[in-house]
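As they're listed, the protein sequences go chains A and B.
Everything in the first sequence is counted per this note's numbering, starting at 3 for the first residue and increasing by one.
Everything in the second sequence is counted per this note's numbering, starting at 3 for the first residue and increasing by one.
Hints were generated in silico from the structure; no laboratory data involved.
Here the structure is a predicted model, which means the values were calculated and not measured.
Incorrect hints may appear among the rest.
Derived DSSO-like pairs: lysine-lysine, alpha-carbon spacing no greater than 30 Å straight-line [stated by the list, open to error]:
hint, chain 1, residue 1, chain 2, residue 2
1, B, K68, B, K30
2, B, K12, B, K114
3, B, K110, B, K135
4, B, K254, A, K199
5, B, K30, A, K191
6, A, K191, B, K212
7, B, K299, B, K277
8, B, K9, B, K277
9, B, K110, B, K9
10, B, K9, B, K104
11, B, K170, B, K68
12, B, K114, A, K199
13, B, K104, B, K12
14, B, K110, A, K199
15, B, K254, A, K191
16, B, K104, B, K156
17, A, K199, B, K212
18, A, K191, A, K272
19, B, K181, B, K135
20, B, K277, A, K191
21, B, K12, B, K170
22, B, K12, B, K30
23, B, K254, B, K277
24, B, K254, B, K299
25, B, K170, B, K181
26, B, K212, B, K30
27, A, K191, B, K114
28, B, K107, B, K135
29, B, K135, A, K272
30, B, K277, B, K212
31, B, K156, B, K107
32, B, K135, B, K30
33, A, K191, B, K12
34, B, K299, B, K68
35, B, K104, A, K199
36, A, K237, A, K191
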Amino acid sequence: MIERRPWLDLLAHLILVFGLVIVAFPLYIAFVASTQTAREVANAPVSLLPGTHFIENYAQVLFSGSSVQTTPVGNMLWVSFVIAMIISIGKISISMLSAFAVVYFRFPFRMLCFWMIFITLMLPVEVRISPTFEVVAGLGLTNSYAGLTLPLIASATATFLFRQFFLTVPDELVEAARIDGAGPIRFFKDILFPLSKTSIAALFVIQFTYGWNQYLWPLVMKTSENMTPIVVGIKTMIGGGDSVTEWNLVMATALLAMIPPGLVVILMQKWFVKGLVDSEK
Amino acid sequence: MATLSFKNIKKTYPGNVAVIHGISMDIKDGEFIVIVGPSGCGKSTLMRMVAGLETVTEGDIQIDEKSINHLEPAQRDIAMVFQNYALYPHMSVFDNMAYGLKIRKMSKEQIKERVQQTAETLELALLLDRRPKQLSGGQRQRVAMGRAIVREPKVFLFDEPLSNLDAKLRVQMRLEIQKLHRRLATTSLYVTHDQVEAMTLAQRMIIMNKGVAEQVGTPMEVFERPASTFVASFIGSPPMNLLNVNINHEGKISTEDGIDLPINGIQLPESVRGKTQAIMGFRPENCLLHETGIPVKIEMVETLGSEQLIHGLIGQTNIVIRQNIHANAQQQAQLKLGNIIHVSPDADHALHWFDPETTRRLN
Chain A
3 MIERRPWLDL
13 LAHLILVFGL
23 VIVAFPLYIA
33 FVASTQTARE
43 VANAPVSLLP
53 GTHFIENYAQ
63 VLFSGSSVQT
73 TPVGNMLWVS
83 FVIAMIISIG
93 KISISMLSAF
103 AVVYFRFPFR
113 MLCFWMIFIT
123 LMLPVEVRIS
133 PTFEVVAGLG
143 LTNSYAGLTL
153 PLIASATATF
163 LFRQFFLTVP
173 DELVEAARID
183 GAGPIRFFKD
193 ILFPLSKTSI
203 AALFVIQFTY
213 GWNQYLWPLV
223 MKTSENMTPI
233 VVGIKTMIGG
243 GDSVTEWNLV
253 MATALLAMIP
263 PGLVVILMQK
273 WFVKGLVDSE
283 K
Chain B
3 MATLSFKNIK
13 KTYPGNVAVI
23 HGISMDIKDG
33 EFIVIVGPSG
43 CGKSTLMRMV
53 AGLETVTEGD
63 IQIDEKSINH
73 LEPAQRDIAM
83 VFQNYALYPH
93 MSVFDNMAYG
103 LKIRKMSKEQ
113 IKERVQQTAE
123 TLELALLLDR
133 RPKQLSGGQR
143 QRVAMGRAIV
153 REPKVFLFDE
163 PLSNLDAKLR
173 VQMRLEIQKL
183 HRRLATTSLY
193 VTHDQVEAMT
203 LAQRMIIMNK
213 GVAEQVGTPM
223 EVFERPASTF
233 VASFIGSPPM
243 NLLNVNINHE
253 GKISTEDGID
263 LPINGIQLPE
273 SVRGKTQAIM
283 GFRPENCLLH
293 ETGIPVKIEM
303 VETLGSEQLI
313 HGLIGQTNIV
323 IRQNIHANAQ
333 QQAQLKLGNI
343 IHVSPDADHA
353 LHWFDPETTR
363 RLN
């Protein structure tokens with residue numbers, strides 16, 4: 003154990019507070035800006051005290067959008083949420099099943115399949131964006147949830163993580179289940195799935211944030227305003243050229259956009275800790 | 003209730019690695035058979051073939067005279083207790099025991115009744131809601147057995163079930179397994195590398211070495227008439243003393259180094275007479291200290307309380323003699339390092355004779 007020394011404690015706290023301020027201060031400024039009128043925000047120097055238009059600004063963005071971007075942010079939040087959910091759940095189920103196949107079944111070219119999946123790790127969305135667009139457009143999936151999510155669902159990372167986890171499950175457990183009469187699906191459902199819960203929770207957090215933060219693909223993919231995810235929406239609120247940017251509304255939207263992934267992290271964190279404390283393997 | 007038979011079973015792993023070279027045996031209904039042998043002898047592989055976790059390369063495994071080679075493990079009506087218990091970590095004790103029954107689509111009430119009943123006999127009734135990780139090693143072991151018992155299978159398979167327990171608990175569980183078997187009388191196959199476990203549990207035992215069954219027999223048969231030098235040195239603790247000896251035409255015995263071994267009036271068995279070379283074996287406890295007899299140079303004396311182990315040399319060969327410590331004071335005084343004492347086997351049958359080439363028993 004490290005000795006307790008008051009000045010060390012103090013130093014540690016100072017560093018922590020310093021780090022916190024660096025992270026939190028821009029957020030605070032965003033919050034302050036989101037409670038002021040457009041004119042107040044544009045004034046220099048920026049006021050460091052919250053204004054009085056909190057409810058007004060948030061109600062406006064949530065239900066009717068800004069003057070540049072007329073889609074309500076409420077709608078964008080919903081689109082983003084659906085996309086993030088489909089991507090994270092889709093990624094987890096597909097990668098879990100493929101890891102299950104790779105680890106527990108002996109089929110020809112098994113390792114080849116695994117390495118093919120693994121190699122796709124090297125290809126980010128941006129690299130394959132135009133061929134992917136061709137395919138998705140050819141299938142007539144533009145401007146739909148399917149089109150927004152399907153190309154992003156396959157995940158080599160998650161497959162790899164699940165594979166590594168499955169490899170740590172003792173063989174005897176598989177054998178005990180076989181003797182108990184559990185077929186592959188039964189084994190997956192009754193034993194593997196419950197054992198993977200903590201990995202699933204961890205991946206869910208990562209994948210939800212990943213889905214939520216998608217910018218380039220939806221930008222290319224969506225053609226109608228009501229399929230705009232919030233991350234893309236924020237950008238469109240910042241007017242170009244002659245139009246005035248209502249920074250108070252942009253800031254409000256930005257803060258709103260941070261809430262769902264933040265909630266997911268906070269809620270799932272309990273699961274992480276639980277998984278770490280009473281490891282059930 | 004079932005019989006189990008092995009018909010010349012062979013197992014070869016890919017790459018032509020043969021691990022079992024043909025084992026045949028008929029196991030009667032309700033028998034408790036222990037497969038014992040050093041690690042790597044193929045004993046676990048044999049059991050896993052019975053369980054259906056390994057394929058059988060050649061030969062036939064039959065339960066109730068029906069071949070089970072091509073059945074799935076679940077269809078064979080067997081239950082297995084694993085060395086590391088293999089309990090489902092996320093399920094309660096109850097669910098662990100009930101899982102196999104659930105899959106068999108047994109009704110909920112029936113499952114509950116059976117699990118309750120089994121839990122009571124294993125003293126697990128109060129632990130049914132716990133998770134495996136909240137149990138001690140001995141309790142986990144009992145849950146693993148409970149999971150096997152509730153299924154009421156035709157054959158129990160135990161794969162070194164006690165090797166993860168401490169010595170005291172092992173003795174206790176050994177007794178419990180014995181009691182359990184007496185009550186259930188289910189045909190059982192038990193793999194272990196521990197000869198004490200094998201001796202105490204087995205009705206009959208298979209001693210395996212390098213994929214071959216060296217001997218099949220009751221513990222006493224195996225102990226009293228080991229079929230080969232391997233069995234002789236594997237069963238019994240400390241193991242049997244084995245000496246390579248020359249026999250002259252008059253029947254006098256000497257070691258290879260030329261030391262005479264007078265075996266005070268004991269007759270050479272018919273099968274040994276006429277041979278010029280043999281391996282002579284005698285158990286440490288079958289020796290008497292004498293005025294005359296085989297000369298042994300004392301190297302070390304270990305005291306175990308009521309008895310002592312005398313380690314010594316006959317020529318170049320290490321031997322062990324086990325003696326009660328209450329032998330008379332004069333004898334006790336002789337047991338000093340470097341002294342030469344004389345020992346002789348205490349009865350005719352105390353000498354075991356083996357062929358030096360085949361290592362099989364001669365008498």
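Here's how the hints hold up against the structure:
no., hint, result
1, B:K68 with B:K30, "holds (14 Å)"
2, B:K12 with B:K114, "violated (41 Å)"
3, B:K110 with B:K135, "holds (25 Å)"
4, B:K254 with A:K199, "violated (76 Å)"
5, B:K30 with A:K191, "violated (39 Å)"
6, A:K191 with B:K212, "violated (40 Å)"
7, B:K299 with B:K277, "holds (28 Å)"
8, B:K9 with B:K277, "violated (36 Å)"
9, B:K110 with B:K9, "violated (40 Å)"
10, B:K9 with B:K104, "violated (34 Å)"
11, B:K170 with B:K68, "violated (40 Å)"
12, B:K114 with A:K199, "holds (27 Å)"
13, B:K104 with B:K12, "violated (35 Å)"
14, B:K110 with A:K199, "holds (27 Å)"
15, B:K254 with A:K191, "violated (73 Å)"
16, B:K104 with B:K156, "holds (18 Å)"
17, A:K199 with B:K212, "violated (43 Å)"
18, A:K191 with A:K272, "holds (23 Å)"
19, B:K181 with B:K135, "holds (27 Å)"
20, B:K277 with A:K191, "violated (68 Å)"
21, B:K12 with B:K170, "violated (37 Å)"
22, B:K12 with B:K30, "holds (21 Å)"
23, B:K254 with B:K277, "holds (11 Å)"
24, B:K254 with B:K299, "holds (21 Å)"
25, B:K170 with B:K181, "holds (17 Å)"
26, B:K212 with B:K30, "holds (25 Å)"
27, A:K191 with B:K114, "holds (22 Å)"
28, B:K107 with B:K135, "holds (27 Å)"
29, B:K135 with A:K272, "holds (21 Å)"
30, B:K277 with B:K212, "holds (28 Å)"
31, B:K156 with B:K107, "holds (19 Å)"
32, B:K135 with B:K30, "violated (38 Å)"
33, A:K191 with B:K12, "violated (36 Å)"
34, B:K299 with B:K68, "violated (58 Å)"
35, B:K104 with A:K199, "holds (22 Å)"
36, A:K237 with A:K191, "violated (43 Å)"
Hints 2, 4, 5, 6, 8, 9, 10, 11, 13, 15, 17, 20, 21, 32, 33, 34 and 36 from the list above are not met by this structure, while the remaining hints are.
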